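*Asks:* Sequence:
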Amino acid sequence: SAASSRGRGSSLPRPVFCAILHARCYSHGSQESDEEFDARWVTYFNKPDIDAWELRKGINTLVGYDLVPEPKIIDAALRACRRLNDFASAVRILEVVKDKAGPHKEIYPYVIQELRPTLSELGISTPEELGLDRA
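With this note's numbering applied, the sequence shown has no gaps in its numbers, which climb one by one up to 1176 at the end.
Quick caveat, the hints were computed from the structure, so don't treat them as lab data.
The structure displayed is predicted, hence computed values, not measured ones.
For glycine and all other residues, C-beta sits at the position ideal for the given N, C-alpha and C.
Among the hints, a few may not be true.
Said to hold, decoys possible - BS3-like mimics (lysine-lysine), calculated; alpha carbons at most 27 Å apart, straight line:
no.: 1; residue 1: Lys1146; residue 2: Lys1113
no.: 2; residue 1: Lys1088; residue 2: Lys1146
no.: 3; residue 1: Lys1113; residue 2: Lys1088
no.: 4; residue 1: Lys1088; residue 2: Lys1139
As the list claims (entries may be wrong) - Ranges of calculated distance between the beta carbons of each label pair, as one might list FRET restraints:
no.: 5; residue 1: Ser1071; residue 2: Ser1161; range: 37 to 45 Å
no.: 6; residue 1: Glu1170; residue 2: Glu1073; range: 28 to 36 Å
no.: 7; residue 1: Lys1088; residue 2: Phe1128; range: 15 to 23 Å
no.: 8; residue 1: Leu1171; residue 2: Ser1071; range: 36 to 44 Å
no.: 9; residue 1: Arg1133; residue 2: Arg1081; range: 17 to 25 Å
no.: 10; residue 1: Arg1124; residue 2: Pro1144; range: 27 to 35 Å
no.: 11; residue 1: Lys1113; residue 2: Glu1169; range: 30 to 38 Å
no.: 12; residue 1: Ser1071; residue 2: Leu1125; range: 28 to 36 Å
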């Protein structure tokens, strides 16, 4: 047969198999500080040309983290809502903050206290002021 006549010294190219290795960096690399995290999100929401999709994407990503965002992040998100004339999202952000605070009842009043000047400036009512906490 043709295969047996070639013998071991044949000059046919041999197939080369390469394994692709994926680098996974679950706990390696630089860790973002709290200040860097806050600054990154404030910058994100302060983009003058942020659109409604980017706003919702940012909010949804933040909700996925195991934390209650700092008031300065929420302030930037509320201002983005105002630039987009999206009152519903602004109120929803406040509802989410209250929900994220969970059993820590002191967090939400603190956040509202810190945001009160912004809420007044932008004309945003809290869910409680709108009666949504009783619905």
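*Asks:* To test your reading of the hints: which numbers does this structure violate?
*Replies:* 2, 11
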